[in-house]
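Generate the whole structure from the sequences, applying the supplied hints.
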Amino acid sequence: MHPPPPDAGVAMDFGQNSLFGYMEDLQELTIIERPVRRSLKTPEEIERLTVDEDLSDIDRAVYLLSAGQDIQGASVIANLPFLMRQNPTETLRRVLPKVREVLHVASVEMQITAAVSFLTILQEESMSVHTFAHSFLQVILLHLEHRDTGVSNAWLETLLSAVELLPKETLRHEILNPLVSKAQLSQTVQSRLVSCKILGKLTNKFDAHSIKREILPLVKSLCQDVEYEVRSCMCRQLENIAQGIGTELTKNVVLPELIELSRDESGSVRLAAFETLVNMLDMFDTDDRSQTILPLVKSFCEKSFKADESILISLSFHLGKLCHGLYGIFTPDQHLRFLEFYKKLCTLGLQQENGHNESQIPSQIVEQEKKYTSVRKNCAYNFPAMIVFVDPKNFHMELYSTFFCLCHDPEVPVRYTIAICFYEVSKLLNSGVHLIHKELITLLQDESLEVLDALINHLPEILELMSTGGENSVQENKFSSLPDLIPALTAAEQRAAASLKWRTHEKLLQKYTCLPHIISSDQIYYRFLQRMFTIMMTNNVLPVQRAAARTLCIFLRYNRKQEQRHEVIQKLIEQLGQGKSYWNRLRFLDTCEFIIEIFSRSFFCKYFFLPVIELTHDPVANVRMKLCYLLPKVKSALKIPADMHLLQQLEMCVRKLLCQEKDKDVLAIVKKTVLELDRMEMSMDMFQKKNYENDLLDQEKEREELLFLEMEQLEKEKHQNDGRLTSDKSFEKKRRDSRTPTQSLSKNAAISVPGPSSSTPSTSKEIKKSKLTRSQSFNNQAFHAKYGTLDKCVSKSSTLAHSSSVSGLVRTAMLSLTDDSFRTRNTSSVSVPANFSPNPVLPSTSRGPGNTADPKSSGSKDAQPRKATFFQMAAGNTADSFSTQDLDSSYPVLLSCDGIHGLAIPQFPRLRECTPALAVAFQPHTPSSDSLSLPLLRTLCTLRYKTCSGAVPLRCAHSNITSVLEADWVCH
1 MHPPPPDAGV AMDFGQNSLF GYMEDLQELT IIERPVRRSL KTPEEIERLT VDEDLSDIDR
61 AVYLLSAGQD IQGASVIANL PFLMRQNPTE TLRRVLPKVR EVLHVASVEM QITAAVSFLT
121 ILQEESMSVH TFAHSFLQVI LLHLEHRDTG VSNAWLETLL SAVELLPKET LRHEILNPLV
181 SKAQLSQTVQ SRLVSCKILG KLTNKFDAHS IKREILPLVK SLCQDVEYEV RSCMCRQLEN
241 IAQGIGTELT KNVVLPELIE LSRDESGSVR LAAFETLVNM LDMFDTDDRS QTILPLVKSF
301 CEKSFKADES ILISLSFHLG KLCHGLYGIF TPDQHLRFLE FYKKLCTLGL QQENGHNESQ
361 IPSQIVEQEK KYTSVRKNCA YNFPAMIVFV DPKNFHMELY STFFCLCHDP EVPVRYTIAI
421 CFYEVSKLLN SGVHLIHKEL ITLLQDESLE VLDALINHLP EILELMSTGG ENSVQENKFS
481 SLPDLIPALT AAEQRAAASL KWRTHEKLLQ KYTCLPHIIS SDQIYYRFLQ RMFTIMMTNN
541 VLPVQRAAAR TLCIFLRYNR KQEQRHEVIQ KLIEQLGQGK SYWNRLRFLD TCEFIIEIFS
601 RSFFCKYFFL PVIELTHDPV ANVRMKLCYL LPKVKSALKI PADMHLLQQL EMCVRKLLCQ
661 EKDKDVLAIV KKTVLELDRM EMSMDMFQKK NYENDLLDQE KEREELLFLE MEQLEKEKHQ
721 NDGRLTSDKS FEKKRRDSRT PTQSLSKNAA ISVPGPSSST PSTSKEIKKS KLTRSQSFNN
781 QAFHAKYGTL DKCVSKSSTL AHSSSVSGLV RTAMLSLTDD SFRTRNTSSV SVPANFSPNP
841 VLPSTSRGPG NTADPKSSGS KDAQPRKATF FQMAAGNTAD SFSTQDLDSS YPVLLSCDGI
901 HGLAIPQFPR LRECTPALAV AFQPHTPSSD SLSLPLLRTL CTLRYKTCSG AVPLRCAHSN
961 ITSVLEADWV CH
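Numbering of the sequence shown is given in full-length UniProt numbering, commencing with residue 1 and proceeding in unit increments.
Read the hints as simulated data drawn from the structure, not as lab findings.
A hint or two may mislead.
[Said to hold, decoys possible] Here are the simulated DMTMM-like pairs of lysine to aspartate or glutamate, each with C-alpha atoms no more than 25 Å apart in a straight line: (1) 168 with 229; (2) 220 with 164; (3) 370 with 340; (4) 438 with 453; (5) 344 with 369; (6) 298 with 333; (7) 701 with 484; (8) 303 with 340; (9) 343 with 367; (10) 501 with 411; (11) 197 with 239; (12) 701 with 597; (13) 98 with 124; (14) 633 with 705; (15) 298 with 275; (16) 344 with 333; (17) 662 with 618.
[What the hints assert, rightly or not] Label-pair distances were calculated between CB atoms; the ranges are: (18) 227 with 450: 40 to 46 Å; (19) 248 with 94: 49 to 55 Å; (20) 333 with 469: 31 to 37 Å; (21) 161 with 57: 25 to 31 Å; (22) 621 with 715: 30 to 36 Å; (23) 88 with 265: 50 to 56 Å; (24) 57 with 101: 54 to 60 Å; (25) 498 with 327: 42 to 48 Å; (26) 283 with 57: 25 to 31 Å; (27) 457 with 364: 35 to 41 Å; (28) 621 with 57: 41 to 47 Å; (29) 87 with 161: 23 to 29 Å; (30) 633 with 655: 17 to 23 Å; (31) 621 with 469: 49 to 55 Å.
Treat the numbers as computed from the prediction; the structure is a model and nothing was measured.
For each residue, glycine too, the CB sits at the ideal point set by N, CA and C.
So, in structure tokens, the structure goes:
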């Protein structure tokens, strides 16, 4: 017979052992449950805790303090401020005596609760100061020396707060006089510590003479106390005492005590003396600083590395304030020494010589590493002050390597601190901010989200400084020298999205709204805008989705291409507004709320009014409910009478909701919404006093949107003119190669503006280069709200007039882009249509075409809309002579007059800063023309935001005229 396999026996034993194990576990569970059952209140205990409900608040408080449990008494004391507000007389007469009795034997929790309640009563001012001093002050003073430190500190905090409000006589009799005996050596250490803190607070309540006679003797005595805790505590109060006694007594009394304490045998006393000296630097004159304080500071710095490392953390924290206070008295050698000392602290613990000793145990190593990390963190905190110390001009030579080390420090707290200070560093560097571009990328790519969270607090300001403040930073090519910025920003967002810290992700998305002022519209469209869509569709955190929706609306607001705008709008409507998920439709309503806030009313009504109203038929009640909350804002976007048909549609949808809604919650909200809609006042097409500010803001938004359309047209014309210039150059080269004679231009040929003919190669290159540069500047111009809205430079409508032809030339042409306050008196004008596009891609609900003038009144049979004739002169053959490359971050103003002597320079009251450059070409007067023939004046006015010029050069291009005229430009 074969023996049984060992596995079977083992399995059997295992089963038995496990069974007995389970029984023992069950027995242990029963043992655990017994104390739980015993902890339940017995009927007798419940009876003692029961209170008659008919008792008043005062009676109940007295009963609970007399016969209740400790927890009930603590509840009464915590409720004492309420009783004082409700019935102060009865509370002081009946409840407060019981509180005094209880506090003698009260627990620590009840004592702390009483201290907090007394402080609350004092802060709420539910009684007069004299009543508080009479009723509560003695109780506070009685418990100042409680054996528990936490209780003593709580009562001391209450007393120090009361000192600020109590009258001088009460302080003298009730606090200062007993303090003389409490500060003696015969008293306990705790009593003397309390006396030190009270003395520091009392100096603000008495005059210098009283302080010198009554308080300073006690201060000197406590500074010489035998216990180092008392000397250290009194040393930290010397700053408050110095502020009360004045500069002279401070120099004669306080400074000698500080010098003596700085040489104390105890390290904590020396540390307190050092910190007090740093905080009092402003109170000493130059002689005291150079002869007394500076040697002490040098001694502290030397001892910190040699024997007393305990002072390193405090020294590194106060080093910036110390260098600022002693600035101006350093010799060059001392200045260099302090700078080298700071650099050494910034790398403390990272260099080879700061390695660990083999004799050190692991706990000591960890403690030392924490100390070194705190030192480097404090150095990062003081880095802006050190930039001021060395002068920002010397940053690259003196501090850049240190800044690099701090940004790449292995410890997160150090990088976190330098990320907080990054904005201050950028402001101080000013024109040298380009030096820290790489460090910005490093911190954006930091693996710790805490560092990223600290950096993005001021990310818009940092990016703005870097895009405009650097010496080698050119506005036309913003961040061209920093190609890693966009990848770093996208990587930071993805890292935040992959983490559980959704608040950091939300904050980062909110800060992305600054990007239209920093980088180009195409970069935003291809690298960021699609990402916002993805977040809105896939992210599970509502605040993050809303932040992405608002950022997307900002990106759409400043998008420069109409095709891209229409594509984004189409996506919003189809994927969100008409999406299968109700969650997406809710986000669509959130997006529409942001669009109403950010865009003009006409933009919302044109593209989003109908998609929003269609959601009244949504099958999900939550969507209809959210729509009801949005309807008042939708109505506020309408104007009467232009949007009367939209108002009728809105009212019809509301009626259907009232009649057909079956969900009771939605129906209740619909009824409330109807009442709110009835109370709303409709906006009119004209300005009203009540809504003047809102109407003005909406008009500014609409002008800005029109301006973007005009700029897009300028971009198209720019590319067309680039092609013409290339073909003209090729033709000119072929003509020279074939050596054909130059043909003269006909009288009706277009005259190029500005400058001479392109027959000279060098001149042609210069003109082309300058035009291209200005065009790029116009293409990349950032529109920031800080510098004013774009509507200050463009009006809602433009006028175009045509007069009769003279000798084949059109007589006058005028296109006004000024503010509403600058109105042309020419009655024959054509207004720009209110639509955003002549041929919109999306089906829209517009307000109808704008007021267009009759072609007969304008003197031309084919009056063109503004978009088609933005850069065209009255004569078709001269339109090609204008080049959109002549623009420099601006838009043109074409003017005409009856002669050169009648030249009228336009005035722009809303434009504060402008630099016009007027390029004028004149057509000569011909004998064959009519007697009223006049020169064709074409004026190209470029408006900048940066400078204001007093004189404008007028360049005349004519075969017989070469001159420069000066015309005064009036800036209002």
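Status of the hints after comparison with the structure:
1. 168 with 229: It is violated: about 29 Å lies between the C-alpha atoms, which goes past 25 Å.
2. 220 with 164: holds, 24 Å
3. 370 with 340: The given pair, whose Cα atoms are some 23 Å apart, holds under the 25 Å limit.
4. 438 with 453: Holds - the C-alpha atoms of residue 453 and residue 438 are around 18 Å apart, at most 25 Å.
5. 344 with 369: holds, 16 Å
6. 298 with 333: Measuring from Cα to Cα gives roughly 13 Å; hence the hint holds.
7. 701 with 484: violated, 33 Å
8. 303 with 340: Measuring from Cα to Cα gives roughly 16 Å; hence the hint holds.
9. 343 with 367: Measuring from Cα to Cα gives roughly 22 Å; hence the hint holds.
10. 501 with 411: holds, 20 Å
11. 197 with 239: Status holds; Cα separation ~12 Å.
12. 701 with 597: holds, 10 Å
13. 98 with 124: Given pair residue 98, residue 124 holds - Cα atoms ~22 Å apart, limit 25 Å.
14. 633 with 705: Satisfied, since the Cα-Cα distance of roughly 21 Å is no more than 25 Å.
15. 298 with 275: The hint holds at about 14 Å.
16. 344 with 333: holds, 16 Å
17. 662 with 618: Satisfied, since the Cα-Cα distance of roughly 13 Å is no more than 25 Å.
18. 227 with 450: 40 to 46 Å: This hint holds: roughly 41 Å between Cβ atoms.
19. 248 with 94: 49 to 55 Å: holds, 54 Å
20. 333 with 469: 31 to 37 Å: The hinted range 31 to 37 Å holds for residue 333 and residue 469, with Cβ atoms some 34 Å apart.
21. 161 with 57: 25 to 31 Å: holds, 27 Å
22. 621 with 715: 30 to 36 Å: Between residue 621 and residue 715, where Cβ atoms are some 47 Å apart, the hint is violated.
23. 88 with 265: 50 to 56 Å: holds, 53 Å
24. 57 with 101: 54 to 60 Å: violated, 19 Å
25. 498 with 327: 42 to 48 Å: Check passed, 46 Å falls within 42 to 48 Å.
26. 283 with 57: 25 to 31 Å: Violated: the Cβ-Cβ distance is about 52 Å, outside 25 to 31 Å.
27. 457 with 364: 35 to 41 Å: At 37 Å between Cβs, range holds.
28. 621 with 57: 41 to 47 Å: Hint holds: Cβ distance 46 Å, inside 41 to 47 Å.
29. 87 with 161: 23 to 29 Å: holds, 24 Å
30. 633 with 655: 17 to 23 Å: holds, 19 Å
31. 621 with 469: 49 to 55 Å: Since residue 621 and residue 469 have Cβ atoms about 53 Å apart, the given range 49 to 55 Å holds.
When the structure is compared with the earlier hints, violations turn up for hints 1, 7, 22, 24, 26 and for no others.
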